[in-house]
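Participant: Following the hints, put chain B in place on chain A, whose structure we already have.
As a plain string of letters, each chain reads:
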Amino acid sequence: MAEIEQGGGKKKTSTKVDMTPMVDLGFLLITFFMLTTTMSKPKTMEINMPAKIDKKVKTVPVKESYTLTLLLDKDNTVYWYRGMLGVDKPLSDLTKTNFSKTGIRKTLLELKKEIGGKVNSKTGKNEWNIVVIIKPTKRAKYRNMVDILDEMNICDIQKYAIVDVTLADDTYLVNYLEKSK
Amino acid sequence: MPKVKLPRKSVSLDMTAMCDVAFLLLSFFMLTTTFKPEEPITVDTPSSVSEIPMPEKDNVLISIGKNGEIFYGLDGPESRVRVLERVAKKYRIPLTKQQKEQFSILSAHGVPIAQLPSFLDMAVADRAKAKKTGIPCDTNVVKNEFRDWIIATIGEGRKLHYIIKGDGASSYETVKWVIATMQESNINRFNLITSLERKENQ
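Protein chains in written order, with the numbering used here: chain A, 1 to 181; chain B, 1 to 202.
No lab work stands behind these hints: they were computed from the structure. We put the CB at the ideal spot given by N, CA and C, even for glycine. You may find that some hints are simply not true.
[Said to hold, decoys possible] Each pair of labels, with its calculated beta carbon distance range:
no., chain 1, residue 1, chain 2, residue 2, range
1, B, E197, A, G116, 26 to 36 Å
2, A, K159, B, V49, 15 to 25 Å
3, A, T31, B, A128, 24 to 34 Å
4, B, A128, A, S65, 51 to 61 Å
5, A, D170, B, Y91, 34 to 44 Å
6, A, K138, B, I151, 24 to 34 Å
7, A, G86, B, I151, 32 to 42 Å
8, B, L196, A, K138, 28 to 38 Å
9, B, E197, A, V17, 42 to 52 Å
10, B, G155, A, D170, 34 to 44 Å
11, A, K16, B, A128, 19 to 29 Å
[To be verified] Capping the alpha-carbon separation at 25 Å, the derived lysine-lysine pairs in DSS-like fashion look like this:
no., chain 1, residue 1, chain 2, residue 2
12, B, K9, A, K12
13, B, K159, A, K41
14, B, K66, A, K135
15, A, K96, A, K106
16, B, K132, A, K52
17, A, K118, A, K63
18, A, K179, A, K138
19, B, K176, A, K74
20, A, K74, B, K66
In isolation and in its complexed conformation, chain A is listed as follows (with noise of 0.2 Å):
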């Protein structure tokens, strides 16, 4: 009986298959997803804005020297006065400054040492007394608003408020402007 030769005359093929493609699609694909691809989340800053002013709450009254307001303008210019504006003078002359590190930052830097605080004995941290009224005007941008409340991080000012512009403040600012021309 003849053998049937299995695989006579024919080549053995190898079982080794070139991957040179594949790892070049493989590639491709990586390179898609990685362009495509949003890695880090964007950051936001959390801003709790006080409840409509209900009469049962108390409101504790603070020290005028312990106000800080600031009142920002258009052009990144900020103007800050302390204590409060009233039948007198506030307590210190308006005064212009910028959101450079130089600028307010400095100013609230100052400020919050001169003013002081004293440490909770709980969280070892340090409380301050400074109260930061914050009055963008209608020429401020909302990038100043952010700016702004940034400084408040930095520089660990806990008692800030958003508040809008009074008229009072309106005029000081144009006087100031005027005064100084």
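Facilitator: Just chain B now, kept in the frame of chain A:
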């Protein structure tokens, strides 16, 4: 001198290991990737040192453009349709099933409600060209459509994160109106999206 015979080496490499690595990386990127939602406008967010990540889900995204255009976006296609139905009911605007379906795949929108049906009928490619006016939001005007969107959103009942993505160059007044409108509905907690800034030494 006798010649030193060097064994001939094959030029073809074994690609299997490389292939493994490539596909490992590929599967990693495929699993971690989340595609950027389509944005109606480009918003250049201001920078801050804050490092709180954006909540993953249940977000209400309010985008504010450079010129104060307001855009509203909500997570979840079913929620979007329910909110739309509530707003449309208030303004007595009939919507077809197809229009609602179109709305459910829209990540954000910013057209006055009266123009919404025609906007939804547009082909997706044409929408980008359409004029972007934003949702009317003005505390002085009786018809504050943005307020209605917010009220309809609250009607969803679940806890939502209100995220404001404002352009740094937009006026503070617009942001103030947006926040004031939401405060009317007793929403007092907001997340402001900011791009990360390197923390400088104090």
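Participant: Per the hint of 42 to 52 Å, is the separation of the Cβ atoms of B:E197 and A:V17 within bounds?
Facilitator: holds (51 Å)
Participant: Below or equal to 25 Å on CA atoms is what counts here, so check A:K179 against A:K138.
Facilitator: holds (21 Å)
Participant: Has the hinted range 24 to 34 Å been met by the Cβ atoms of A:T31 and B:A128?
Facilitator: Since A:T31 and B:A128 have Cβ atoms about 26 Å apart, the given range 24 to 34 Å holds.
Participant: Given the hinted pair B:K9 and A:K12, is their alpha-carbon gap at most 25 Å?
Facilitator: Status holds; Cα separation ~22 Å.
Participant: Given the hinted pair A:K96 and A:K106, is their alpha-carbon gap at most 25 Å?
Facilitator: holds (13 Å)
Participant: Just tell me: holds or violated, for the beta carbon distance of B:L196 and A:K138 against 28 to 38 Å?
Facilitator: Holds - the Cβ-Cβ distance for B:L196 and A:K138, about 29 Å, lies within 28 to 38 Å.
Participant: For a C-alpha distance cap of 25 Å, please report whether B:K176 and A:K74 respect it.
Facilitator: holds (16 Å)
Participant: Just to be sure I understand the hint, the distance between the Cβ atoms of B:G155 and A:D170 should be within 34 to 44 Å; is that true here?
Facilitator: holds (39 Å)
Participant: Given the hinted pair A:K118 and A:K63, is their Cα-Cα distance within 25 Å?
Facilitator: holds (15 Å)
Participant: Range hint 24 to 34 Å: satisfied by the CB atoms of A:K138 and B:I151?
Facilitator: holds (27 Å)
Participant: Regarding B:A128 and A:S65, is the given constraint of 51 to 61 Å on their beta-carbon distance met?
Facilitator: holds (56 Å)
Participant: Between B:K159 and A:K41, is the straight-line Cα distance small enough, at 25 Å or below?
Facilitator: holds (21 Å)
Checked against the numbered hints given earlier, this structure breaks hints 11 and 16; the rest are met.
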